[in-house]
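Please model the complete structure; the sequences and the hints are all you need to start from.
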Amino acid sequence: MSQTTDHASHGDLSQTHGHRIPEGESLRWLDKPANVNKLCIALYVLCGIVIIAEFFIHKHGYFRFEDWFAFHAWFGFGSYCFLIFAAKGLRKLIKRDEGYYGD
Amino acid sequence: MIEIFHPALILLLGAAVVPFLPQKVRGPVMLLLPVIGLSQLWAVEIGNHGLFTAFGHELVTFRVDRLARVFGIVFHIAAFIGILYALHVRDTIQQVSALVYAGAAVGALLAGDLITLFIWWELTAIASVFLILARRTEYARKVAIRYLIIQVGSGVILLAGIAVRVAETGSIAFNHIGLDSPGGLLILIAFGIKCAFPMLHSWLQDAYPAATVTGTVILSAFTTKLAVYTLARGFAGTEILIYIGAVMTAFPIFFAVIENDLRKVLAYSLNNQLGFMVVGVGVGTELALNGTAAHAFVHIIYKALLFMSMGAVLHRVGTIKASELGGLYKSMPATAIFCIIGSMSISAFPLFSGFVAKSMIMSGAAEAGYWGVSLILLFASAGVLDHSGIKVPYFSFFAHDSGIRCKEAPWNMLVAMFIAAFLCIFIGVFPGTLYSLLPYTVDYHPYTGAHIITQLQLLLFSMLAFVFLVRIGRYPPEIPSLNLDSDWLYRRLGPALVTRFSKAIDDGWGLLMGACGGIVSGAIARGYRLGQSTGPVSRTWRSASSITAILLLLALIGFSHYVSR
Numbered sequence: 001m002s003q004t005t006d007h008a009s010h011g012d013l014s015q016t017h018g019h020r021i022p023e024g025e026s027l028r029w030l031d032k033p034a035n036v037n038k039l040c041i042a043l044y045v046l047c048g049i050v051i052i053a054e055f056f057i058h059k060h061g062y063f064r065f066e067d068w069f070a071f072h073a074w075f076g077f078g079s080y081c082f083l084i085f086a087a088k089g090l091r092k093l094i095k096r097d098e099g100y101y102g103d
Numbered sequence: 001m002i003e004i005f006h007p008a009l010i011l012l013l014g015a016a017v018v019p020f021l022p023q024k025v026r027g028p029v030m031l032l033l034p035v036i037g038l039s040q041l042w043a044v045e046i047g048n049h050g051l052f053t054a055f056g057h058e059l060v061t062f063r064v065d066r067l068a069r070v071f072g073i074v075f076h077i078a079a080f081i082g083i084l085y086a087l088h089v090r091d092t093i094q095q096v097s098a099l100v101y102a103g104a105a106v107g108a109l110l111a112g113d114l115i116t117l118f119i120w121w122e123l124t125a126i127a128s129v130f131l132i133l134a135r136r137t138e139y140a141r142k143v144a145i146r147y148l149i150i151q152v153g154s155g156v157i158l159l160a161g162i163a164v165r166v167a168e169t170g171s172i173a174f175n176h177i178g179l180d181s182p183g184g185l186l187i188l189i190a191f192g193i194k195c196a197f198p199m200l201h202s203w204l205q206d207a208y209p210a211a212t213v214t215g216t217v218i219l220s221a222f223t224t225k226l227a228v229y230t231l232a233r234g235f236a237g238t239e240i241l242i243y244i245g246a247v248m249t250a251f252p253i254f255f256a257v258i259e260n261d262l263r264k265v266l267a268y269s270l271n272n273q274l275g276f277m278v279v280g281v282g283v284g285t286e287l288a289l290n291g292t293a294a295h296a297f298v299h300i301i302y303k304a305l306l307f308m309s310m311g312a313v314l315h316r317v318g319t320i321k322a323s324e325l326g327g328l329y330k331s332m333p334a335t336a337i338f339c340i341i342g343s344m345s346i347s348a349f350p351l352f353s354g355f356v357a358k359s360m361i362m363s364g365a366a367e368a369g370y371w372g373v374s375l376i377l378l379f380a381s382a383g384v385l386d387h388s389g390i391k392v393p394y395f396s397f398f399a400h401d402s403g404i405r406c407k408e409a410p411w412n413m414l415v416a417m418f419i420a421a422f423l424c425i426f427i428g429v430f431p432g433t434l435y436s437l438l439p440y441t442v443d444y445h446p447y448t449g450a451h452i453i454t455q456l457q458l459l460l461f462s463m464l465a466f467v468f469l470v471r472i473g474r475y476p477p478e479i480p481s482l483n484l485d486s487d488w489l490y491r492r493l494g495p496a497l498v499t500r501f502s503k504a505i506d507d508g509w510g511l512l513m514g515a516c517g518g519i520v521s522g523a524i525a526r527g528y529r530l531g532q533s534t535g536p537v538s539r540t541w542r543s544a545s546s547i548t549a550i551l552l553l554l555a556l557i558g559f560s561h562y563v564s565r
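Those sequence lines, one after another, are chains A and B.
Using this note's numbering, read the first sequence as starting at 1 and increasing by one per residue.
Using this note's numbering, read the second sequence as starting at 1 and increasing by one per residue.
Honestly, I wouldn't trust all of these hints.
Unchecked claim - Now the stretches of chain B that chain A is said to cover, found in silico as 3 or more residues with beta-carbon under 8 Å:
| no. | segment |
| --- | --- |
| 1 | 247-259 |
| 2 | 473-481 |
| 3 | 484-497 |
Keep in mind that the hints were calculated from the coordinates and are not lab data.
By construction, the Cβ of each residue, glycine as well, lies at the ideal position given by its N, Cα and C atoms.
Structural data, given as C-alpha cells:
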C-alpha cells in the first residue's frame with residue numbers, strides 16, 4: 001500500500017481520495033462523503049443527548065470526582081486524545097522495518 | 001448411579017480416535033465432544049471426584065466447585081465454537097492438537113491438587129504449540145519454538161514452586177496459596193507468565209498472530225484464562241495483583257494503537273482485558289471475584305468472535321495488515337456485522353456482554369477505595385474502544401476502499417461467529433443467566449440510569465475524539481512496520497550479548513591456543529635441534545666425560561637421598 005494513499009485520506013473520514021473502487025461498480029451509500037457526514041452528525045447528537053441526560057439521573061459514584069458534571073464525557077475525550085498522541089510518540093521510539101528481526 | 005466421565009478425558013479420547021476417522025465424519029464427532037463434556041460437567045455434583053493416591057499423595061483429579069464450573073462451561077463453549085469455525089480445515093495435526101489443548105485446559109481447571117495441575121499445565125503448552133507449527137512456515141516454526149520455551153518454562157517454575165511447597169508444608173492441595181506461603185512467589189511467577197503479566201507478556205503478541213487462522217481462535221480462549229482461574233484460586237486478595245493488573249490494562253493499548261497486524265492488535269487487546277481480570281483477583285472481594293469470572297466468561301466469547309472475524313478476513317484476503325485492507329464490508333457484510341458486535345461487546349456498550357461483566361470489576365475496585373486504579377481502568381476502557389472497538393472493524397471493513405473484492409466467509413465460520421455474536425447480545429440483555437453461574441451470590445444491577453449514561457458518555461465522547469482526530473488529520477495512519485516490545489530483549493539484545501560474549505571467548509581461546517601452539521612448536525623445534533646429527537644429544541662424546549656426567553648424577557641422587565632422610 002502506498003504511503004500517498006494514507007496521506008491523501010487524512011482528514012477525511014470517508015477517505016474518498018483513497019478509494020479504489022473497481023470500474024463498473026456503483027458507489028455505495030457509505031462511499032459518499034455527505035452520508036459519512038450524516039453519521040458524524042448523528043454521533044454529535046447522541047453526545048448531546050447523553051450530556052443532557054445527566055440532568056435526569058442521580059449519580060452516586062464511589063468517588064467525588066465521578067459526580068463532577070459530565071465527568072465521564074470529558075475524561076473519555078481527554079483519555080482518547082492522550083492515548084493517541086502518546087502512542088504516536090511511542091511509535092517514533094519503537095517503529096522498525098517489518099524485516100527487523102530478519103523473518 | 002451412572003459414573004460421571006471426566007470432561008477432559010472425553011476431549012482427549014476424542015483426540016485419540018479422530019485421526020482414524022474419515023475426514024467426513026470427523027467434524028460432527030469433534031463437535032459432539034465438547035457437548036458431551038459440558039453435559040458431564042453440568043451433571044456432576046459440586047465436590048471432589050476422581051481421587052486416587054500416587055507419589056505418596058492423594059490426587060484430586062476432578063474437583064468441581066462454582067469457580068471451576070463457570071470457567072469449565074465457557075471453555076466447552078469456546079471449544080465448540082472453535083471447532084465449528086475450523087470445520088473446513090482438513091489438517092489432522094490441528095484437529096488433534098485443538099482437542100488435546102482444550103482437554104488439557106479443562107483438566108487443569110478441574111485439578112484439585114498441584115501435581116495434577118502441573119501435568120495438565122504442561123500439556124496445554126505442548127498441545128497448543130502445534131496450532132502455531134501448523135502454519136508450516138519458517139517464521140511460524142521460530143515463533144513456535146520461542147512460545148514452547150516460555151510455556152514450558154512456566155511449567156518448570158511451577159514445579160519448583162510446588163516442590164518448595166510440598167517440602168515445607170507436606171500438602172499438594174490447590175487452594176489459596178498467597179504470596180507469603182512457601183513456594184508462593186514461584187507459583188505466582190509461573191501463573192503470571194501464562195497470564196502475560198507486564199514484561200512476561202510478549203510471547204502472547206508473538207505467538208497468537210503467528211498461528212493458523214483457526215488456531216488463533218482456539219489459542220485465544222484457554223491458556224491465559226486458565227491462568228486467570230489459577231490466580232483467582234490461589235492468589236485472591238493479593239494486593240500487588242491490583243497494580244499489576246492496572247498496568248496490564250493500560251500499557252498494551254499504546255502498542256495496539258500503532259500496530260499494523262490486526263490479529264496482533266487483538267492480542268494486545270487480549271492482554272489489556274486480562275488486566276481487568278487480574279485487578280479483580282487482586283481486589284479479591286466477592287463482587288470483584290464474581291467480576292473476574294464473569295469477565296473471563298464474556299471475554300472468551302467476544303475475543304473469539306473478534307479473532308474469528310479477523311481470521312475470516314485473513315482466510316479470504318490472505319493478509320491481515322491494516323495498511324492493506326479497507327472497504328471489506330462490501331465483500332463480507334455478515335463478517336463485518338459480527339465483528340462490530342464483538343467490538344461493541346468488548347467496548348462494553350450497554351446491551352452487550354462486556355457491559356454487564358467489566359463493570360463488576362470496576363465497581364469492586366472502586367468499592368475497595370482504589371481511586372487511582374479506578375481512573376486507570378476508566379482510561380483503559382476508553383483505550384479498548386480505540387483498538388478493538390474502532391480500529392479493528394474500521395480499518396478492515398471501512399476506511400478507504402482497498403479495492404479488494406473477495407467471497408464472504410465460509411458457512412461454518414459464519415455460523416460459529418453467529419453463535420458467539422448471539423451469546424454476546426444474549427448475555428448483555430439477560431445478564432441474570434450468567435450471574436446465576438458465578439462463584440458467589442450476585443447482588444449487582446448493571447442497568448441503572450447512572451451506569452448507562454456514564455458509560456455512554458465515556459464511549460461516545462471517545463468516539464467523538466476519534467472523529468475529531470481524523471478530521472484534523474492527527475490520527476496515526478496505518479503503516480507497514482514492526483514495533484519493538486519486550487521480546488526485543490530475547491530476540492535482539494540477548495542474542496547480541498551472547499554473540500558478543502561467544503566472540504570474546506572465541507577470540508580469547510584463539511589467543512590462548514596461539515600462545516600454547518607457539519610454546520609447543522618452539523619446544524619441538526628445540527628438541528629437534530638437540531637431536532639433530534650436529535645437536536648436543538646426537539654428538540659423539542668421549543667416554544671420560546660420559547663417566548664424569550654419570551658420577552655427578554649419582555652423587556646428586558645420593559646427596560638428595562641423604563638430605564631428605
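Q) Counting residues of the segment 247-259 of chain B with a beta carbon closer than 8 Å to any beta carbon of chain A, are there 3 or more? A) Check passed, 5 qualifying residues.
Q: Establish whether the coverage given for the segment 484-497 of chain B by chain A is satisfied; the threshold is a Cβ-Cβ distance below 8 Å, and no fewer than three residues must meet it.
A: holds (count 4)
Q. Would you say the segment 473-481 of chain B counts as covered by chain A, given the rule of at least 3 residues with C-beta under 8 Å?
A. Per the Cβ count (9), the hint holds.
Every hint, counting from the list given before, is met by this structure.
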